Amino acid sequence: MIRFILLQNRQGKTRLAKYYVPLEESEKHKVEYEVHRLVVNRDPKFTNFVEFRTHKVIYRRYAGLFFSMCVDITDNELAYLECIHLFVEILDHFFSNVCELDLVFNFHKVYLILDEFILAGELQETSKKAIIERMGELEKQE
Amino acid sequence: MADLIINPFSSGTRLRDMIRSIRACKTAAEERAVVRKECAAIRAAISENDHDYRHRNLAKLMFIHMLGYPTHFGQMECLKAIASAGFPEKRIGYLGLMLLLDERQEVLMLVTNSLKQDLNHSNQYIVGIALCALGNICSAEMARDLAPEVERLLQSRDPNIRKKAALCSVRIIKKVPDLAENFMSPAAVLLKEKHHGALISGVQLCTELCKVSEEALDYLRKKCTEGVVKVLKDVVNSPYQPEYDIAGITDPFLHIRLLRLLRVLGQGDADASDYMNDILAQVATKTETNKNAGNAILYECVETIMSIEDNSGLRVLAINILGRFLSNRDNNIRYVALNMLMRAIAVDAQAVQRHRATILECVKDTDASIRKRALELVYLLVNDSNVKSLTKELIDYLEVSDQDFKGDLSAKICSIVEKFSLEKIWYIDQMLKVLSEAGNFVKDDVWHALIVVISNASDLHGYTVRSLYRAFQTSGEQESLVRVTVWCIGEYGEMLVNNMGMLNKEEPITVTESDAVDVLETAMRRHTSDITTRAMTLIALLKLSSRFPSCSQRVNDIIVEHKGNFVLELQQRSIEFNKIIERHQNIRSTLLESMPVLDETTYNGRKAGSLATTVQASTGSSISLPNGDVKPTAVPLVDLLDLSSDDTPAPSSSGVDPLQDLLGVDLTSTPSVSGLEGSSKAPVDSLLDLLSIGTPSVQNDSSKLDILSASNRSTQSANSLDMLSSLSSSLATPVSAPASSAPMMDLLDGLSPIVPKTDTVTFTPPGLSETNGSVYPSITAFKSSSLKMEFSFSKQPGNPQTTLIHATFSNMSSNNYTNFIFQAAVPKFVQLHLDPASSNSLPANGKGSITQNFKVTNTQQGQKNLAMRVRIAYKVNNQDMLEQGQINNFPPGL
Numbered sequence: 001m002i003r004f005i006l007l008q009n010r011q012g013k014t015r016l017a018k019y020y021v022p023l024e025e026s027e028k029h030k031v032e033y034e035v036h037r038l039v040v041n042r043d044p045k046f047t048n049f050v051e052f053r054t055h056k057v058i059y060r061r062y063a064g065l066f067f068s069m070c071v072d073i074t075d076n077e078l079a080y081l082e083c084i085h086l087f088v089e090i091l092d093h094f095f096s097n098v099c100e101l102d103l104v105f106n107f108h109k110v111y112l113i114l115d116e117f118i119l120a121g122e123l124q125e126t127s128k129k130a131i132i133e134r135m136g137e138l139e140k141q142e
Numbered sequence: 001m002a003d004l005i006i007n008p009f010s011s012g013t014r015l016r017d018m019i020r021s022i023r024a025c026k027t028a029a030e031e032r033a034v035v036r037k038e039c040a041a042i043r044a045a046i047s048e049n050d051h052d053y054r055h056r057n058l059a060k061l062m063f064i065h066m067l068g069y070p071t072h073f074g075q076m077e078c079l080k081a082i083a084s085a086g087f088p089e090k091r092i093g094y095l096g097l098m099l100l101l102d103e104r105q106e107v108l109m110l111v112t113n114s115l116k117q118d119l120n121h122s123n124q125y126i127v128g129i130a131l132c133a134l135g136n137i138c139s140a141e142m143a144r145d146l147a148p149e150v151e152r153l154l155q156s157r158d159p160n161i162r163k164k165a166a167l168c169s170v171r172i173i174k175k176v177p178d179l180a181e182n183f184m185s186p187a188a189v190l191l192k193e194k195h196h197g198a199l200i201s202g203v204q205l206c207t208e209l210c211k212v213s214e215e216a217l218d219y220l221r222k223k224c225t226e227g228v229v230k231v232l233k234d235v236v237n238s239p240y241q242p243e244y245d246i247a248g249i250t251d252p253f254l255h256i257r258l259l260r261l262l263r264v265l266g267q268g269d270a271d272a273s274d275y276m277n278d279i280l281a282q283v284a285t286k287t288e289t290n291k292n293a294g295n296a297i298l299y300e301c302v303e304t305i306m307s308i309e310d311n312s313g314l315r316v317l318a319i320n321i322l323g324r325f326l327s328n329r330d331n332n333i334r335y336v337a338l339n340m341l342m343r344a345i346a347v348d349a350q351a352v353q354r355h356r357a358t359i360l361e362c363v364k365d366t367d368a369s370i371r372k373r374a375l376e377l378v379y380l381l382v383n384d385s386n387v388k389s390l391t392k393e394l395i396d397y398l399e400v401s402d403q404d405f406k407g408d409l410s411a412k413i414c415s416i417v418e419k420f421s422l423e424k425i426w427y428i429d430q431m432l433k434v435l436s437e438a439g440n441f442v443k444d445d446v447w448h449a450l451i452v453v454i455s456n457a458s459d460l461h462g463y464t465v466r467s468l469y470r471a472f473q474t475s476g477e478q479e480s481l482v483r484v485t486v487w488c489i490g491e492y493g494e495m496l497v498n499n500m501g502m503l504n505k506e507e508p509i510t511v512t513e514s515d516a517v518d519v520l521e522t523a524m525r526r527h528t529s530d531i532t533t534r535a536m537t538l539i540a541l542l543k544l545s546s547r548f549p550s551c552s553q554r555v556n557d558i559i560v561e562h563k564g565n566f567v568l569e570l571q572q573r574s575i576e577f578n579k580i581i582e583r584h585q586n587i588r589s590t591l592l593e594s595m596p597v598l599d600e601t602t603y604n605g606r607k608a609g610s611l612a613t614t615v616q617a618s619t620g621s622s623i624s625l626p627n628g629d630v631k632p633t634a635v636p637l638v639d640l641l642d643l644s645s646d647d648t649p650a651p652s653s654s655g656v657d658p659l660q661d662l663l664g665v666d667l668t669s670t671p672s673v674s675g676l677e678g679s680s681k682a683p684v685d686s687l688l689d690l691l692s693i694g695t696p697s698v699q700n701d702s703s704k705l706d707i708l709s710a711s712n713r714s715t716q717s718a719n720s721l722d723m724l725s726s727l728s729s730s731l732a733t734p735v736s737a738p739a740s741s742a743p744m745m746d747l748l749d750g751l752s753p754i755v756p757k758t759d760t761v762t763f764t765p766p767g768l769s770e771t772n773g774s775v776y777p778s779i780t781a782f783k784s785s786s787l788k789m790e791f792s793f794s795k796q797p798g799n800p801q802t803t804l805i806h807a808t809f810s811n812m813s814s815n816n817y818t819n820f821i822f823q824a825a826v827p828k829f830v831q832l833h834l835d836p837a838s839s840n841s842l843p844a845n846g847k848g849s850i851t852q853n854f855k856v857t858n859t860q861q862g863q864k865n866l867a868m869r870v871r872i873a874y875k876v877n878n879q880d881m882l883e884q885g886q887i888n889n890f891p892p893g894l
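Sequences listed follow chains A and B, in order. All residue numbers for the first sequence refer to the UniProt record's numbering, where the first residue is 1 and numbers rise by one. All residue numbers for the second sequence refer to the UniProt record's numbering, where the first residue is 1 and numbers rise by one.
Warning: the hint list may mix true and false statements.
Just so you have them, the derived chain B footprint on chain A, three or more residues with Cβ under 8 Å [unchecked claim]:
hint, stretch
1, 44-50
2, 75-86
3, 122-130
By construction, these hints were calculated from the structure, which means they are not laboratory data. Treat the numbers as computed from the prediction; the structure is a model and nothing was measured. Glycine residues also receive a C-beta, built at the ideal position from the N, C-alpha and C atoms.
Just chain A, same shape as in the assembly:
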């Protein structure tokens, strides 16, 4: 299962942090700091996987943003790599050509999209179209 998802820029500012396991606030900050340090300086040719404490972090870099997922050690790394990409495509579609600022100003929407994509640390929906449509319906409810 996914233990947490982080979206960080190169400077280490966290743009989105979703935890599916309970952690203390201070621990969360430590985790965010450590994950950023782990991924930020890796050579692009290197694997997208880094071992992190007793788990592993699957990360992918899009422009200046790092999408990192911490998953169980037995999970399928390649699948989560694909999963990150699908999430980015959904964001891209939703914000039409997403950039970091979209995520900053609409952080609450990013959380809502994520909640339609992943639930309880597991994948909930694999269709980009379904998620975008669902978001549309939810916006109408507001």
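Fit chain B to the supplied structure of chain A, relying on the hints for placement.
Leaving out everything else, chain B in the frame of chain A:
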């Protein structure tokens, strides 16, 4: 959304404006100021119970929370938003709930009721957000309370609700596995879903059910294996579906989840495994592999093939896929291949061995993730037939590897070499190479073990010391290499100089006595040498002073230099050793004989045991010398042997590394008197004792006995007793035979801290030994600004375990105390009996005192010291006072 509506009457800013102003801050202080202002406004709005801006305030709070500021004051606001009627409020409330709270907060219990109502709401979207929140933060209690609602929602008409309910159930059964049986049959139904989202969630629920409940596994295996195989077949063969297509494959995520469920169902069940063979073969052969998605499926498929019951054809297929992965140019693919090959070893080690060369290459990869995996894998691949070549490869790589990888790599090499030590010479050679390359990275136990092996390989002493001498010339900066070299030169220095015990393959070298001393001098003067190395070097120098008489003066000069060393340990050694060289010529050669062979089995046993029993110096006593039974003349000896205990500790129970003890490098604790009895017995022993200065007394004693008994196992107790009596003859009549004890005292001259104790014990007439008289000093057991408690001790003859304690309380304050009560608690191994106190009121300014007697019986006397927790309650001007403390300063041996 409400936060975007501009309200001219609002004093608060919009969310967007707040984010802007925070982003515009140049410094952290500015940012804090803006946040503080916003937080103040939000708090004010909360206290005014402002409904209109609750929505916006919560959104702002979430942003502030993300920046890392405390937002706990908004938690109740979330609950209120959830309890309100509209969808937008509920939605932001649940979002806030998930961000600002987690399952451990008590506040969360308050939300259970709202959740229950929302799960039963007629609006499907509200049900959806409630399920989402529950799935992300539910605690075990909530899981129990809300499981029936979730279970019902699994059958909802809306697939969006069904999928959320399924994942919610995953969380619920993780929290409360007992609930699994309720979800078994609805989960099985979900496997027939056509909606991908609901199906994938259902598959995940089934997988989790199988993990938490044996019963569910049986049920699903019987009922669903066929169904899952069919679903996978359909997905694999499905025509192009743009909605789910990734790189030409329809829904790879679903593929992967299905394969994972099959793995759980097939594991340990031949029939189920058999049933899925065909589809696995199809996935393994037909999947497109030029994109990541396809490889992800293959990877999952291989794992399933490896885990289900044996089908050799499929396994060959799987290993071949891994072989292809391993030669892939994409690092990610190589990483997962290495990962999977580790699991494949258990299944087919032979097949994995075929890829050994490629795997070895991966150890040298630039990417640390790959290196680490590959190294783990190589470690598993080592066997008797390839150990030599693999070790060579790894050691060669050690030379060029990154600094930060050397630690891991050398640890693995050492572990391989130790595990497969074919012959001693090979072991020694390999270890020397590792120490020369990465001596700064290896752990202490590695070189400790090496010294034990060297000590046991008597035919290789000469070869080893010469190899070390050569290695030292090129790799003198590697700390642990220096230590081993120093030790070996100290022990076998003469073999270095006269080429004794030459092996055929060796080239002779010419080393003079002064060259050997050069090495030690270098080790002593290197600024990187630490205390341990220097302490070892001093011993080696001392030993050389007797082996190489021509260098004796030079050695002495080096030693003398350190007489003023700031490190007490080194200073002490220098002073002692200087004395030995200058004043004890006649006994020096016997005193400085070679170390007795270190017992390998004991060492290995210790090494294994030391993990479990680190400080328990003595848990049982095999040599029992209760004071009452021993002849009066022997009594002081018992004390000598073991100041802190009356029973001699059992040799086998100490968890201390014997080598560490021998070298005396544990620079932590106070010295002990243990040097005495050895020095009178045999020179070798005295050396051991000399070397062991500074180890904690209890550990020291036991280890020493152990060394003695290692050479004399069968007559262990007899021997020890012997030793005692031989010592007693010289000690029992100290006045009449001063000559015999004088040199011994001299020897100990340098050990200044212990001299007083030695004096006391040696010259105390036997009749006045500790057990018979009250030699235990009084202590101030407890002292605060207002109260002092003093203990004095006495023993009853014939009952050594029991101590009578006489406590005296005095009042240091200017107020009288009344209702004075003293209470004490002791550890389990101690029994306590309190007598009534002399009074319950205590006059001020120490003008009077309360006394109280009590009796403690230490059932583990000698092994554990007394300890006591005390509580003293009294009244001052009718106010209750309470003082508590722990007493740990009991004299040892009580």
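Outcome of the hint check:
Counting residues of the stretch 44-50 of chain A whose CB falls under 8 Å from any CB of chain B gives 6; the rule of at least 3 is met. Residues of the stretch 75-86 of chain A lying with their CB closer than 8 Å to a CB of chain B number 8, which satisfies the three-residue condition for coverage. Counting residues of the stretch 122-130 of chain A whose beta carbon lies closer than 8 Å to any beta carbon of chain B gives 9, which reaches the threshold of three, so the coverage claim holds.
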